[in-house]
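Undergrad: Residues per chain, in single letters:
Protein chains: 2
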Amino acid sequence: MKIKEEITIPPYEGRSTLLQPGEELVIIDVDGKQVGDFVCFNKNDSNEFVSPVHMRASLSSIRLKVGDPLYSNKRRPLMTLAEDTVGKHDFFFPACDYYRYKVDYGLEDHPNCHDNLQKALAAYGLGEKPVPDPINLFMNNVLDETGDYKLSEPLSKPGDYVRLKALEEVVVACSTCSQDMEPVNGWKVTSLKMQKMASN
Amino acid sequence: MKIKEEITIPPYEGRSTLLQPGEELVIIDVDGKQVGDFVCFNKNDSNEFVSPVHMRASLSSIRLKVGDPLYSNKRRPLMTLAEDTVGKHDFFFPACDYYRYKVDYGLEDHPNCHDNLQKALAAYGLGEKPVPDPINLFMNNVLDETGDYKLSEPLSKPGDYVRLKALEEVVVACSTCSQDMEPVNGWKVTSLKMQKMASN
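Chains as they are written, first to last, in my numbering: chain E, 688 to 887; chain A, 688 to 887.
Rather than coming from a laboratory, the hints here were simulated on the basis of the structure.
Note that this is a predicted model, so its numbers are computed, not measured.
Treat each hint with caution, since some may be false.
When chains are identical, the list treats them as one kind, so a pair holds in a single copy or across two.
[What the hints assert, rightly or not] In silico PhoX-like pairs for lysine-lysine, Cα to Cα no more than 25 angstroms straight-line: (1) 761 - 837; (2) 730 - 789; (3) 689 - 761; (4) 761 - 816; (5) 691 - 883; (6) 816 - 806; (7) 789 - 775; (8) 789 - 761.
Using the sequences plus the hints, can you model the full thing?
TA: Written out as structure tokens, the structure is:
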């Protein structure tokens with residue numbers, strides 16, 4: 688497949704792009720162990736967006752698998768997970784936000800995925816919308832048998848990726864998760880790369 | 688403790704009430720096996736509400752335990768789970784809504800928790816706010832070791848209850864989960880009862 692556009696997401700930032708139905712997006716963990724907080728809106732209905740809580744219902748799972756549709760808050764698939772070289776992601780954890788760093792670390796001005804995503808979405812007129820809960824690509828929350836879990840380092844190695852296929856015209860945004868005080872990103876924040884592929 | 692107010696939530700409906708800091712709310716599963724979709728707003732800041740996705744982060748768990756604070760989207764505890772005679776609840780599943788019955792069952796007019804909660808919240812001027820994701824009291828999603836799960840009948844017997852303590856002035860709403868085509872409520876929808884207790 689032909690790469691139509693390549694977008695680097697620098698550490699502590701977010702980026703967005705538009706996909707037509709049939710187009711694919713490859714999100715690459717350049718250096719490994721970097722979580723990407725990912726959101727997706729229906730371009731033609733800004734009240735419809737990929738919604739992890741509805742995905743957990745429609746998939747009867749808290750595990751994301753190749754072939755899974757990414758369901759919206761209107762219970763419709765907007766994209767599918769077409770390929771995945773890692774196999775471990777999260778879709779029950781929130782984006783880090785102002786309150787996370789303020790309440791848990793006493794920091795007033797730490798970069799955070801919520802704000803990164805909001806800025807990236809503003810490029811498509813979605814900056815005033817509430818930021819949906821993200822799919823946390825490459826995030827590795829390890830559950831124990833009681834339902835408690837530990838934030839652990841991602842299993843992704845340099846160059847690992849996921850490939851997502853658009854089923855509708857969608858605006859997608861991704862943030863390099865800005866958490867540098869937990870093992871979530873291997874204790875440091877690095878770049879991700881998005882490649883937009885032509886449809887077949 | 689003295690009961691200040693007793694509210695029956697009929698099948699397929701929602702009810703709301705106001706609690707002062709220190710007051711407690713007992714939610715009773717009258718006939719057993721009935722899920723209650725529960726939401727809570729800060730009365731003095733309608734942009735703050737109990738948020739399951741943030742609770743899962745702050746609690747490092749997808750299991751609700753006695754003593755757990757119910758955290759808000761601003762990562763602050765608005766209530767705590769003070770007592771629980773069942774021990775199995777859900778806080779990763781969405782409220783059933785119009786789209787659930789339309790998409791999955793082809794039904795246009797099935798009662799649903801989203802709308803029940805919205806109507807109940809309107810009594811406190813919160814009817815225009817997006818309905819937050821609920822805590823699904825008594826809901827029994829049984830996870831397997833891979834992260835898939837099955838909707839199962841609640842473990843709650845007639846008279847089982849949870850007791851929640853308000854830490855702030857809060858508006859709470861609860862809906863008798865209106866799902867009658869799955870084992871979620873033991874295949875039928877029955878009443879719940881809310882008792883508002885005086886503070887100590």
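Undergrad: Does each hint hold? Answer for all of them.
TA: Structure-based check of all given hints:
no., hint, in the structure
1, 761 - 837, "between (31 angstroms within a copy, 22 angstroms between copies)"
2, 730 - 789, "between (33 angstroms within a copy, 22 angstroms between copies)"
3, 689 - 761, "neither (32 angstroms within a copy, 43 angstroms between copies)"
4, 761 - 816, "both (16 angstroms within a copy, 17 angstroms between copies)"
5, 691 - 883, "within (5 angstroms within a copy, 60 angstroms between copies)"
6, 816 - 806, "both (11 angstroms within a copy, 23 angstroms between copies)"
7, 789 - 775, "neither (29 angstroms within a copy, 32 angstroms between copies)"
8, 789 - 761, "between (33 angstroms within a copy, 10 angstroms between copies)"
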